[in-house]
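Asks: Residue strings, one per chain:
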Amino acid sequence: MLDQPDFNTLLEDYRKLQLRVTRFSHTEQELINTRDRLDQELVLYKRMSDFYSEALKCPDSKTLLALSSEAVVDVFEFETAFVLEQNIDGKDDAQLFHDGIEVNPKEAQNIIHDLELITAPTQGVGVIREKLNLRENLLALKHFSKAFFFRYTDVESGSCLVIIGLISLKNLPLYKSIDSLHDTIFKVFSQQVQSILGNIKKSEQIQQQIETITASELELKKLSLIATKTKNGVIITDSKGRIEWVNDSFSESSGFTLEEIVGKKPKDILHGSETDSTSKEILSNALANKENVELTLLNYHKSGSKYYNQIEITPVFNEQDELINFISLQKDITNEIKAKEEILRINSRFEQIAKKSQIGIWELEFIDNTIVWNDVLLEQYGSVKEEIKHDLVGFWRASIHPDDIDRVLKSQERLYAKELESVEMEYRIRRLDNGEWRTLKTLTICETDDEGNILRLIGSSIDITETKQAQEKLIASEEKYRKLIENMNLGLVETNLKDDLVFMNAPFFEKSGIRHPEALILGLEPERTLQDRIQKGELLSYRRIDEAVFEVEIENVKKESLFLLVSSGRVFNQEKELSGFINIILDITSEKQLTKSLENALKERDSYVNELDSLKQFYENVLNNSPAKIAVLSPKLNIVFINKLLEDQELNWKNSEGKAVEEVLKDRPEFLAKIKEAQKGNSLVQMEEHLLDKYGNDKFVLRNILPHLNEKKELEYLVISGVNITQMKEIQNSVITKNNELKKINAELDNFVYSVSHDLRSPLLAIKGLIHLIFQTTTVEPNVENYLRLAEDSVLRLDSTIQEILDYSRNARLDLSLKPIDLAQLVSTIFTDLKFSAPEGIALNMEVEGSPIIVSDETRMNVLLKNIIGNAVKYRRSIPDAYVMVKVFHTEEATMIEISDNGQGISQQSIEKVFDMFYRGTSESIGTGLGLYLCREIIEKFGGKIKVDAEWGKGSTFTIIHPHKVLKHE
Amino acid sequence: MLEFFSASARIVNSKRAIMECMEIALGEAYDSADLVVINASIGHNFQELVDQTKAMAPNARVLASSCCGIVGREGVSESMKDIGIMAVKGKEFHIASTSNISGETAYQEALKMAKSLKEQSNNINMVYFLASGIDIANDLCIQAFEEVLGEDVTIFGATSSDNMKGHISYQAVDEEVFEHGAFALGFSDPSLKIETQATHGFVAVGEPLIVTKSHGNTIQELNGKPAWEEYTGRLGLEPSADCGDTIPIGALGEELSPELAKEYGNQHILRVVTTKDGNDMHYACDIPEGTKLWLTTRDEELIFSEMDRMVENMIERMGDGKPVAVFHADCLARGRFLFNRIIKEELVGKMQFPFYQNGECPPWLGMYGFGEFARLNGKNEYHNYTTALYVIYR
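Read top to bottom, the protein sequences are chains W and Y. Per my numbering, the very first residue in the first sequence carries number 1; after that it's consecutive. Per my numbering, the very first residue in the second sequence carries number 971; after that it's consecutive.
If you're looking for bench data, these hints aren't it; they were derived computationally from the structure. All clues given are correct.
Derived pair list, reagent style DSS-like, types lysine-lysine, alpha-carbon separation capped at 30 Å:
| hint | chain 1 | residue 1 | chain 2 | residue 2 |
| --- | --- | --- | --- | --- |
| 1 | Y | 1135 | W | 142 |
| 2 | Y | 1088 | W | 954 |
| 3 | W | 106 | Y | 985 |
| 4 | Y | 1262 | W | 874 |
| 5 | Y | 1085 | W | 945 |
| 6 | W | 954 | Y | 1183 |
| 7 | W | 947 | Y | 1082 |
Every value quoted in this text rests on a predicted model; they were computed, and no experiment measured them.
For reference, chain Y alone in the conformation it holds in the complex (with noise of 0.2 Å):
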């Protein structure tokens, strides 16, 4: 029966940064845990952090992703020098992974990932899916995943990020690190169980841009014009800005079905653009000719709204079930980019204390990451711009 630890810090030497966390974590036991997941803002050294959690316990499997700021049960930071880890005690998981994932072969690579699973162990009931949140196309990944586990298993995560540079994101298996990897971590602990879901409270604003030309999750003609001058102009920024500039205020959303909107609480699903090359632009996930997207703004008391709606959801839906670890995606352009520290702490309070027991949090490892994955009318999806809970619970 796996048990789950949670730490986090903001420590400027990564070395000190893990110990601290591991001793917060595990106490004097530090050596005893078997698996161990770390959140840690870019400016971390990912080589060091995941040597030092080998070093403290050498029986333990490690995964590591980069992020822009991270929230614990210590509470929010967003820095340079983050870190934020999930100690799991107990064998029911498996991993695998994969150094080079991008749009053109996402796919494939999540297949192999989803088949390594599938042969590690027929009772995985949830895979936490971390991957490089630059350049992929993340619906072929639940696909592929789908494909081989079955629709039934819940796909919840994040994409790693940076300081919303959209220049590099780091992922670490064991002592590996990448730079375009992924991981995916299955559990199949049968006593557990998991609600996920994911709010932004954005709304759509103007005409919608309509896909013209595209190719896989590439997009090359908006409206008939080149992709990125269309994009740009709408925002009123010049050509010349960078995916950094676009982030805060490009939110593109698709529209949804009407009982798809009822539970998301929204009609249209966010998506981000995280790089660009010259005027074409890599989307979150494939998308074909025709689509509409409209540019969207945020509402920020709808933002909160909700999400007291969906944490009142998930508690109803968690039915007598007692949470034991929550995992966390959030957008990096819900953190610093979108909102100051009050309002964002006050965001956080809002979403971790209904699900405290007899007064304490439980267990939780948040990021501020590129996309996130959660359910949406009982299938998996990926999302953007949004706050996505993953409440583990028996």
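This is chain W alone, in the form it adopts within the complex (with noise of 0.2 Å):
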């Protein structure tokens, strides 16, 4: 055994020891860290190197630039970076870098604003280790916090390379520190960096030189292919105009190779007898005046064969605007000329077929507003060119009748505004020459350019007076003819021999309403066609009359059957030719609808007479099949009908119909008073009959008398039904001795629990007690102390248990005591003895909102608010602010009495059975079960309902709604 001393020093060393087998964590940890640290600048240049193998590869200035701005933040971990290159004095080549990406210029601006504003006038590497954000005039910069840089000025070639790590004051304490070892690196990066520049805008400005050069060359040679390859012919010449050199499409147009006419002057080998003097004129003023010239010159080939050339000759002047050379471009435009001359011709033959067919052309360019057109149209108009080419749209206004005027010029309108392409007319014109007036039939066309811009308008008329007027002698006299024919009251088709219909008097259909007027047009075979048509559908149906009389059926537009009689006739023409078929028709519709109406009432009411004997049959087999013994008394009494059931099953009743009942029933007085009841009452009279069987046996029947009255309430028969009742008898008295014996069992069994419970709890009491006695009395071991504890915690609960089985057994058997409780003292004594259970402490409150008083059972409600009040003592959780609070308070139907706790609650899994019998939410629950499911069965007899809601780990509320009259249910 150690002395206090020595033992004192010992938990000193053991503390000391303890601290130092964890603090060798922390100093392992220290050696961690350092080889870790070299580890992560080892990272770090091979980061650099990765980076100049990469920058070495960087075939121009931008790539290099946009891959330092991303290395700066990947070696150097910075938040963000830019890498900036401008010139010092015009910034605008500035080019500006973001993470890898150029910044376009417009968001550069004030970046490179900001970036002055730090890194100058500094040479070499800057940092600015915090509170960068609190700088003023920072534009686009100012979130940063920190920033580390470089800024080299090259006053030789005059640029400004800027490279820039910085770290947001939002993201400061997630970035390492900035050290000195930065500061080295920082410096030897950004100089590589300059120095990689360096070398590739040398290279650059070579590179550039070399293409400059390229292009040049390129240039040349391209014109001189173009001058060789074109298909126009190229003479170039001296200053004097005469030929250095020529392409190949000149010596393929002229003949002439270049051998044959170098230091010759192109007029001399080009120009022949019918080349155009002014043009050649204009040609020699424009070189003498070293003046462009454009013109086109009949030529002459080698070989004598003339052709024609558009020229355009440029003069050539040196840096000192000396004359040097002349360029002449000249394209061979032979064929054109030609076409042009084809279409000159055509044009003539045209005029002359205008004028042989009596059509008038005219042309109308919007262009120069000029206007053309042919002697026919001035011969339709009566006049002669002279006296109109002046002002021809004038003369061709002022001579269109006045009726017509509007309707032509209106149409004239539509097509200038391009609402068409072309107009159809016919109108009158008065003719200059004699007054007369004419009609014309014509046709203005528009032509438009691709835009839709009007370009020229040409028109043609045709004079067709005379066959207007036969044409208008012919309607006249046809218009005669059809009004006669529509005046008759007869339908009249006429088609020809395709079926065209050729005259049809369509008031007659209008008025009928035929849909289809074509279906009545019956041809050569006109049976034949009535057939096709009802398979058509066109017509309903056909009956023949004569040989070509038929009685036809068809449907008008309101859907109603006509008919009508048709006859079918033949057309010839003059030369004794069948030409068509003309068909009359007559509507007998009305004749017809007489006849039908009659025909249909006869069928009607046989139809009537057959429906009534049916029903008769149905409701006779209805009441033959009947499960009742049914007979039919008239309103004196005699038996009209009775169904087989009663014929078979009652004696009396056999062959009893048309009999007076009186009579039938005449042993059975009671049975006949009731009948008399109902007749006399109007109402249901009801009896219960007992008979006896053919064997002896009881029998019951119970007997409905029902009279039936009519619209007038007059008495019209009495039914009188039967039903067998003897069975169900039987079942109610056997029914009433179970429940008896049941009641007895109960009765029985609920005294036997309460009697084991009761028996039960006397022994444990007893035990409780005489353990309670050892502790007062004795002196115990400590483990015996433990076992005396154990055992007196299993009787406390076992006792529980009896005391919850009692209660239900109490709730069960007694029946309920109600009188007025006061809830606030019930809850107050309940708090005062849950006390104890929480030692520690529990909040326990109450609020009670109104009155406090209601009408229940008082051990009921104790037992209930006990066992819900104790769950939430018994659960609570650990936690210094636990409570349990009681709220009462009134709704219109009940009174509210909520228990909320803040304990260990329910979890989702177990809240729909906690008031199941035995449920316990886990295997640690102190409970039996029973106590919830109790608390359920006490509230329901009441005639109220309890309601849970709780969270696992947060608490849980109760809810009971406890009505304000409580039933007593037997």
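Both chains are given apart, each in its own frame, so use the hints to dock them into the complex.
Replies: So, in structure tokens, the structure goes:
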């Protein structure tokens, strides 16, 4: 055994050892940190080395700057980085890169401004360790706190390079501190970037020069290629106009090779006798004045053949503005000239054709407002060219008939508005020479370019005066006959041999509303045609009356059937040949309908008679097959009907139909009296009749005597029905007997449960008392005390279980004992009892809104509240503010008692089962699983409800809904 | 049937980084993705990442979270600008999310997410859960998911991190970026199965610290003294130290039952302290008073041997199943703050190589985060300081 000082020393040593053991981890970690820092530096150098390898491969300065701006972040782990390269004086060429991406010039402006503010006039590396964000005048970078930068200005090349890594104020806690190591490495990194950039820029300059030279050479090559390969002829002369060079196309079109004509003047070899002298003079003057000239000339081929050239000559001057060459471009346009001549020839022939067919033609050019027309047009208007040449349009308008002028001009306007591409019209004009009115048929066509602008109008006109007059006569004659036929009350349809409608007197068909008049054209084979049209649904039916006369049924637009008498005839032309068919139609619908309605009335009568018979048969079947015995009596109590069951089972009813019921039931006066009661009172009368069957057994029959009244409340007949209720009677008696037996057993069972539970409690309470006595009177060994405490706990738990069984038994067994009870007092008593169950303290609170008095069963309410409040205390959490709160308030229908706590709560899985018998939330639950089941039984006995709302780990709320009026249930 | 494609890269510009990954993973058909899960270092701009992903694959759902480094098929990278993606084609997935989760609200928010997933599908058989790693009660999240979806549904995933500063972490769902959010990605492809396991390889040292006062997931007192002072004192640090100083050396171990310890290969499960408030420490789970917490130290030999054992066990349990995608969560303290580059790459090689199919690594998305979810003894569990592998196979 150690004495006290030695023990304390030992304890102190042990504590120190503890610290050393754990601090060893710290020391070990320090070593690891050092090793890892070296490892990180190695990583940093490796990343730098990777960057250099990539940088040396960069094809241009832009790629290098982009890569550098990315590498600053990657290598040094800054939050972000910018790299700027710009001229010292003119800043238009500034290139700014951000994390590997070039910033567009608009966004770059503010950033460049800030970079200047931060880095100038430093040369080399600079560090702003914090509070960059507090600097005034920053535009884009004011949210950054730390900066590490490099600035190098090369006066010789006039350029400035800025590299900057930044960390924002927001993300400052996330980033490593910037130390002196960074300082050196960043400097090395930046200088390397600057050096590589210098080299790349030099090589870019050389590359640019090479590209310029190559481009000039290429340009020259292109020009000479164009001159050689163009399809136009090219002549280059000296300042005196002597040929120095011609291309292959010129040789091809003129027949002269370069060797043949070098040193000569073009005019000496190309011009001939028919070359236009005026053009030659223009050409000559332009060359003398050293000016550009463009013209068309007739030239001569080496062989002597002629060809047309479109020529453009340009003088070429040197840098001293001295004339050194003329370049002449010559395009052979012989084919185009020939095509123009061909068009003129075709136009002339077309003019001849128009004249012969008496078609007037005109053309109005919109560009220069010129009009051309042919002689036929003048002839149609009775005029000569001279009289109208100044104002053709005015002359034309003045000639038009006043009734037609508006219509014609409107059509013309639609053409100008490009609503129409062409207009065809008929209108009258007055000839200028003799004042005669003539009718013209005209066509005007509008020609437009690709953009829709009108280029020209082209028109034609034919004099149709004679044709028009003949047509009008014909129409007048036709109209006369049409009216005649239309006024007849007969339908008339005429067709040609192709079944095309030639004539139809429409008023007849409009009046009758026939939808398919064409269906009445019967043709060469009328009967076959009729059959076809029925199949197509155009006709409903037909009946032959005579060889060519038929009665036809057709549907009109109102879907009514029409009956028509159709007579089919043939039409022959002047040559006595069959040319068509004519059908005459007479409407006979009204006569037909009269006949039909007579027939229908007869059919309807027969149908009603049949229906009545069938209905009677149906009801007789129903009554005969009914499980009840049925008899029907007349108001005078004669038997009208009895069903088979009654006739078979009750002998005195047999063959009784037609007899008086008094005679049939003369030996059953009670029954007869009831029938008379129903007859007199006009209401249902019931009676139970006790009979004996043919074997002498008891038989009970329930009789219903139902009077049937008509609409005037007069008795129409009495229906007597009888149902055998013998079996039902027997079952009823058996149920009453069984129920009495069950009540007795229940009472005995309740007594048994009560007695057993009560008897079990007595010895338990004795054990409890004895244990208590041991503790009071005897000092026991600690381990024995533990055993006794365990025994005491078990006794208490068993006692609690028995108590709950007793409560359950009482609730089921005893009637409700209702009286006014004070809920506040009841809850206070429960709180006082429970305070001992929570030694470390739990706040037990109560709030009562309104009266605390309710009418209920005090014993049951005590059990109910004790259980729920007890649970809240039992399953509390070890937290400082643990509480149970009981709130009482009233609604219109019930008193609400809300018990809430912030204890362990109930999980989602358990919440639906807590009121089940013997359900316990977990195996650690302290209770028997009967408590909440009993609570629900009690509140349901009151006619109320109980609800729970809970959350695991947060607490529970039980709500008791106690009705204001508790009903006693037996 | 779901198909998986992965890629990883270290590119400074966030938009270019995601473009590169989408093209590596899906080639020209990058617009065919139905889902893109992104892990990116804290230095990336998360809004740009998700916007660019949506621009490239307008029909895809996008999920993203911050981390301290990436593990992909291409290997390990730990910088401020790493990115890894897992692109998915197919429709048998469901997403629920919250914009704000903390230790106080962890159960409620997880419960809402679980109910949302349940409403979307009754056939969810695994959930990839990714939550803010700063102040969260991870055990209550698991409890909530299990209450709704049942204990048979595997919860796997991680908690997002920064670069071990305990300052901020990001999560994104479609176009929205959160700072204390979480998302749950439920898979309902019946042809898929999953194997998960975690290992750490630390050993407990000295006498335990006893939690004498706590509330929820906050430890207020250790050994009857203010928690942070006692904790840093035992670590040999000044009380002014922050979580960045304690995380590498201050792994706390809770004792496991013998049967759990057998599967785990260790007698202690480790927990991290991610943030503090004065002397109060925010622990990774709810912690009752009386809990014993051991300080631990790493055992390099054990780390390697346990990694081998874990991978062997997983392959044995998979039987004939072929891996189609591997999600992977590693504690950031196991990254560059604990191992040098060579050891780390060797360790990653050991976990990847056994899953190769025909000489090729399966699609792989790993991150260095604050914590890991993986099953232990058939039950969903939360871990710290571990390597946790989630092998999805058919």
